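Visitor: Sequence:
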Amino acid sequence: MDEVSGVQRAVLGADAASQVSDWLTRHVREHLGADIDRVLFTGGDIGAVFGLRLRDGREVVLKALRPGADARRLLAVVRAQNALAVSGFGCARVLDGPSRTDGVLAVVEERLSCTSTGSPHDPGARTAMAAALAAQIDALRTVDGTDLVAGRPAWADWSGGAWPVPHDSVFDFSTPVPGYEWLDEAADSAAAVLRSTHHSPNVIGHSDWVWQNVCVVDGAFVAGYDWDSLVYAPEPVVVGLSAGAFTQGSPVPPDAPTAAEVRAFLDDYERCRAFSAAERSTAEVAATWVRCYNARCQLDNLHRRALAPPDGSFVDAIQSSSL
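Residue numbers 1 to 323, in UniProt numbering, belong to the letters of the sequence shown in order.
Since the hints were made in silico from the structure, they are not lab data.
Among the hints, a few may not be true.
To be verified - Label-pair distances were calculated between CB atoms; the ranges are:
(1) Arg58 with Gln19: 37 to 45 Å
(2) Ser196 with Arg53: 46 to 54 Å
(3) Val217 with Ala34: 25 to 33 Å
(4) Gly88 with Gly219: 13 to 21 Å
(5) Ala150 with Ala278: 25 to 33 Å
(6) Glu30 with Gly88: 27 to 35 Å
(7) Val170 with Thr258: 25 to 33 Å
(8) Arg271 with Asp15: 46 to 54 Å
Predicted, not measured: the structure shown is a model, and the values here were computed from it.
Where is the CB? At the ideal position from N, CA and C, for every residue including glycine.
Using the sequences and the hints given, assemble the complete structure.
Guide: Right, dumping it as structure tokens:
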């Protein structure tokens with residue numbers, strides 16, 4: 001590693017690459033009993049992610065979390081993730097964690113290397129994602145998700161309406177964007193509905209079930225990633241969060257799903273588990289909430305940092321058609 005990224009600085013308090021390397025070496029040696037051969041890749045935004053090859057031949061992914069990360073929540077994530085792995089669902093097995101070095105909380109899992117083909121706009125890929133979400137939720141129905149309620153990701157936190165504290169400190173939602181008050185109102189309206197949703201029991205499910213967090217090959221689901229995005233919420237809400245954003249990270253535009261694609265994802269899911277009319281309505285509201293949240297992130301990028309949104313942005317999608 002030649003440079004320290006913003007997320008590495010935020011998580012590890014490091015100003016030099018040597019400090020990052022030192023922390024990695026000590027954490028891996030203490031908790032996995034091995035030395036690092038080389039760093040395969042780095043990434044992350046909520047946490048600092050490192051792909052590592054160890055000298056004993058193993059390849060692992062380490063995710064170090066920002067200060068304030070909830071250890072109880074992470075332990076619940078690990079329990080659920082390992083339950084999925086044991087069931088045969090496509091996800092990595094956690095090898096260690098959550099554990100600390102110098103106060104920094106981290107989880108290490110085996111590396112599942114996979115490259116998706118096609119795009120989430122392909123009906124077969126979309127159907128595979130929806131079916132995998134249904135299988136994931138079914139596999140976790142008997143797992144206790146109580147500790148996943150607190151500390152849920154910002155895009156799944158409508159408790160205070162528009163807006164929650166953003167998931168990444170690079171964003172700032174404190175100042176309204178002139179001309180986009182309608183977006184604040186749409187998010188507030190969706191949040192009010194979600195806060196009053198009590199007709200479905202809570203389930204454990206992935207709140208960021210989007211293209212960049214899954215691997216789909218030739219229309220078949222292979223693996224899912226980023227499991228600290230698990231939440232414990234009503235099933236229609238979990239499904240709606242996915243439907244509203246599942247195309248994010250697509251190699252071809254649009255970045256946001258169209259309204260028709262959102263409805264198609266919900267239709268695909270309902271082939272596995274049918275919703276009542278009230279549940280379907282709740283799922284659509286959850287999709288609206290996450291679309292608004294993602295649009296707010298893109299507006300912040302545009303207006304404070306002059307970063308143009310991707311083609312087919314969430315702002316464009318909401319303006320062109322509501323659910």
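Visitor: 46 to 54 Å was suggested as the range; check whether the CB atoms of Ser196 and Arg53 agree with it.
Guide: holds (50 Å)
Visitor: Does the Cβ pair Arg58, Gln19 satisfy 37 to 45 Å?
Guide: violated (24 Å)
Visitor: Return holds or violated for the Cβ distance of Gly88 and Gly219 against the range 13 to 21 Å.
Guide: holds (19 Å)
Visitor: Given a hint of 25 to 33 Å, does the C-beta separation of Val217 and Ala34 actually sit inside it?
Guide: For Ala34 against Val217, whose Cβ atoms are near 30 Å apart, the range 25 to 33 Å holds.
Visitor: Cβ-Cβ distance between Arg271 and Asp15: within 46 to 54 Å?
Guide: holds (52 Å)
Visitor: CB of Glu30 to CB of Gly88, is that within 27 to 35 Å?
Guide: holds (31 Å)
Visitor: Taking 25 to 33 Å as the hint, is the beta-carbon distance of Ala150 and Ala278 inside that range?
Guide: holds (27 Å)
Visitor: Taking 25 to 33 Å as the hint, is the beta-carbon distance of Val170 and Thr258 inside that range?
Guide: Holds, at about 27 Å.
Checked against the numbered hints above, the structure breaks only hint 1 and satisfies the rest.
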